[in-house]
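Undergrad: What follows is the residue order along each chain.
Protein chains: 2
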Amino acid sequence: MGDVDIVCLLFDGITALDIVGPYEVLQRLPEADVKFVARAAGEVRTDNKFLALVADCSLADITSADVLVVPGGFATRALERDESLLEWIRAIDTTTTWTTSVCTGSMLLAAAGLLRGKEATTHWASLERLTEYGAIPTSRRVVEQGKIVTAAGVSAGIDMGLTLVARIAGDEYAQGVQLGIEYDPQPPFDSGSVAKAPPAVVEFLSELYSARGLSN
Amino acid sequence: MGDVDIVCLLFDGITALDIVGPYEVLQRLPEADVKFVARAAGEVRTDNKFLALVADCSLADITSADVLVVPGGFATRALERDESLLEWIRAIDTTTTWTTSVCTGSMLLAAAGLLRGKEATTHWASLERLTEYGAIPTSRRVVEQGKIVTAAGVSAGIDMGLTLVARIAGDEYAQGVQLGIEYDPQPPFDSGSVAKAPPAVVEFLSELYSARGLSN
Numbered sequence: 000m001g002d003v004d005i006v007c008l009l010f011d012g013i014t015a016l017d018i019v020g021p022y023e024v025l026q027r028l029p030e031a032d033v034k035f036v037a038r039a040a041g042e043v044r045t046d047n048k049f050l051a052l053v054a055d056c057s058l059a060d061i062t063s064a065d066v067l068v069v070p071g072g073f074a075t076r077a078l079e080r081d082e083s084l085l086e087w088i089r090a091i092d093t094t095t096t097w098t099t100s101v102c103t104g105s106m107l108l109a110a111a112g113l114l115r116g117k118e119a120t121t122h123w124a125s126l127e128r129l130t131e132y133g134a135i136p137t138s139r140r141v142v143e144q145g146k147i148v149t150a151a152g153v154s155a156g157i158d159m160g161l162t163l164v165a166r167i168a169g170d171e172y173a174q175g176v177q178l179g180i181e182y183d184p185q186p187p188f189d190s191g192s193v194a195k196a197p198p199a200v201v202e203f204l205s206e207l208y209s210a211r212g213l214s215n
Numbered sequence: 000m001g002d003v004d005i006v007c008l009l010f011d012g013i014t015a016l017d018i019v020g021p022y023e024v025l026q027r028l029p030e031a032d033v034k035f036v037a038r039a040a041g042e043v044r045t046d047n048k049f050l051a052l053v054a055d056c057s058l059a060d061i062t063s064a065d066v067l068v069v070p071g072g073f074a075t076r077a078l079e080r081d082e083s084l085l086e087w088i089r090a091i092d093t094t095t096t097w098t099t100s101v102c103t104g105s106m107l108l109a110a111a112g113l114l115r116g117k118e119a120t121t122h123w124a125s126l127e128r129l130t131e132y133g134a135i136p137t138s139r140r141v142v143e144q145g146k147i148v149t150a151a152g153v154s155a156g157i158d159m160g161l162t163l164v165a166r167i168a169g170d171e172y173a174q175g176v177q178l179g180i181e182y183d184p185q186p187p188f189d190s191g192s193v194a195k196a197p198p199a200v201v202e203f204l205s206e207l208y209s210a211r212g213l214s215n
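Taken in order, these protein sequences are the chains called A and B.
Here numbering that gives the first Met the number 0 is used: the first residue of the first sequence is 0, the next is one more, and so on.
Here numbering that gives the first Met the number 0 is used: the first residue of the second sequence is 0, the next is one more, and so on.
Source of the hints: derived by calculation from the structure; they are not laboratory data.
All C-beta atoms in this analysis are idealised placements derived from N, C-alpha and C, irrespective of residue type, glycine included.
Hints may contain errors.
What the hints assert, rightly or not - 25 Å max Cα-Cα, derived SDA-like pairs, lysine to any residue: (1) A/K48 to B/K195; (2) B/K48 to A/S63; (3) B/K146 to B/D92; (4) A/K48 to B/T62; (5) B/K34 to A/D55; (6) A/K34 to B/G12; (7) A/K48 to B/D2; (8) A/K48 to B/R27; (9) A/K48 to B/E42; (10) A/K48 to B/F49; (11) B/K195 to A/D189; (12) A/K48 to B/D32; (13) B/K48 to A/D32; (14) B/K117 to A/P186; (15) B/K195 to A/P29; (16) B/K48 to A/A165; (17) B/K146 to B/I167; (18) A/K195 to B/R27; (19) B/K34 to B/A168; (20) B/K48 to A/S57; (21) A/K48 to B/K117; (22) A/K34 to A/R89; (23) A/K195 to B/K34; (24) B/K48 to A/K195; (25) B/K48 to A/C56.
Claimed, not checked - Across the chosen pairs, the derived CB separations fall in these ranges: (26) A/S83 to B/Q185: 34 to 44 Å; (27) A/T94 to B/R211: 29 to 39 Å; (28) A/R211 to B/C56: 26 to 36 Å; (29) B/D2 to A/G212: 24 to 34 Å; (30) B/E131 to A/E206: 25 to 35 Å; (31) B/G133 to A/T62: 48 to 58 Å; (32) B/E30 to A/D189: 25 to 35 Å; (33) A/E131 to B/E143: 38 to 48 Å; (34) B/R80 to A/R115: 55 to 65 Å; (35) B/S83 to A/K34: 28 to 38 Å.
Claimed, not checked - Partial pick of chain B residues on the chain A-facing surface, computed with a CB cut under 8 Å: (36) N47; (37) V153; (38) E181; (39) D183; (40) Q185.
Produce the entire structure from the sequences given, and follow the hints as far as they go.
TA: The structure is reproduced here in structure tokens:
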């Protein structure tokens, strides 16, 4: 196995954990080379502006990838209509072994036409919107359809990353990565999905996302 | 409840998920204000150099915090002897409601003298080293000792963040944050702790960390 070229998309309005979760897992692949890319090289700010991440490369600098990771965030709703970004995603996808997304990053894969007729997932609040692009909403945490792998909201990118490491480097290696990041989750509540969270909590968040135009 | 001033420490050689995990959770507190701080304002690079995060503030800019988050990474071994950083940590701690760490960030709290006689945790490979500073190694995922909260390796900062949100804003609010980041973990393996991982995997990683001077 030679270098694994991992390309992580950044943009203003990103949700930081969407990209840092899979990055932290995938960079532990043997011979991993990771590049962070945005429309222009330089800083992008998270949705709340609190954190800047740096893209070392511009879209024009990157013409191929073994693994493409497209994160989400409130900004994706507008980026679904950004034809030059979608064109770049389509072009990179023709070169990848794996094309992946976390959270509403899948809305960009969908808008680029890559999910037509395929099962896919996204953040729970946006799930039904996948049908607008001919994808089949699927509420699993990680959805594999050939080389396209979509993950559910925000933290699901960690599980997606481990799934990919297993595909690329084998189960035992992936178990080592899981131990390396001590990923033995013990959340203090069991409220991480619509099916498990208290109804009042689901309702409060659904209204918040609806007000931001992220759900149907 | 007024603003919650959250201060996240950055340094070259950081493990990105150590800080982005708790950041992603804590920034969802009502009235959260988050500042990223490093010795000097500007970019810091992760352990592998692949990702740069931006500190908007220098240590000198920050003189207090409601919540201090100290992350880990391979760099902490050297930073344990960085007296000016330890002095800053001690000074901020005198102002905090919560002083927290993720992974080997607790070695910096320990080196600063804040963990003497207290139970604490860190990345599993460094756990016994806590005794060098008079702390009591404790292999729980999140260890609360009064206002000091230490979390285990890398991904444990997400669980720590949710624990803190519950303390600060209540259980129901924390459940909402958990649903917001769709934290319903489903790792493809059950290999996230030394007790659960296959022995060969534990041995391989133990040798790796030992070679890097992170274990005893």
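Undergrad: Is it true that the CA of A/K195 sits at most 25 Å from the CA of B/R27?
TA: holds (20 Å)
Undergrad: Does the Cβ distance between A/E131 and B/E143 fall inside 38 to 48 Å?
TA: Since the Cβ atoms of A/E131 and B/E143 sit about 45 Å apart, the hinted range of 38 to 48 Å holds.
Undergrad: Let me know if the C-beta of B/D183 comes in closer than 8 Å to any C-beta of chain A, holds or violated.
TA: Holds: closest Cβ of chain A sits about 3 Å from B/D183, inside 8 Å.
Undergrad: Between A/K48 and B/K195, is the straight-line Cα distance small enough, at 25 Å or below?
TA: Violated, because 39 Å separates the two Cα atoms, which is more than 25 Å.
Undergrad: Next pair to validate is B/K146 with B/I167; report whether the Cα-Cα distance is within 25 Å.
TA: holds (12 Å)
Undergrad: For the pair supplied as a hint, A/K48 and B/R27, confirm whether the alpha-carbon distance does not exceed 25 Å.
TA: holds (13 Å)
Undergrad: Holds or violated: B/K117 with A/P186, Cα cutoff 25 Å?
TA: holds (23 Å)
Undergrad: Does the Cβ distance between B/S83 and A/K34 fall inside 28 to 38 Å?
TA: holds (34 Å)
Undergrad: Measure nothing beyond the straight line between the CA atoms of B/K48 and A/S57; if it is 25 Å or shorter, mark the hint as holding.
TA: holds (18 Å)
Undergrad: Starting from A/K48, check that the Cα of B/K117 is at most 25 Å away, please.
TA: violated (36 Å)
Undergrad: Under the criterion that the straight-line Cα-Cα distance not exceed 25 Å, is the pair A/K195, B/K34 satisfied?
TA: violated (33 Å)
Undergrad: Do the numbers back the hint for B/N47, that is, is its least Cβ distance to chain A under 8 Å?
TA: Where the cut-off is 8 Å and the nearest Cβ of chain A is about 6 Å from B/N47, the hint holds.
Against the hints set out earlier in the document, violations occur for numbers 1, 21, 23, 24 and 30.
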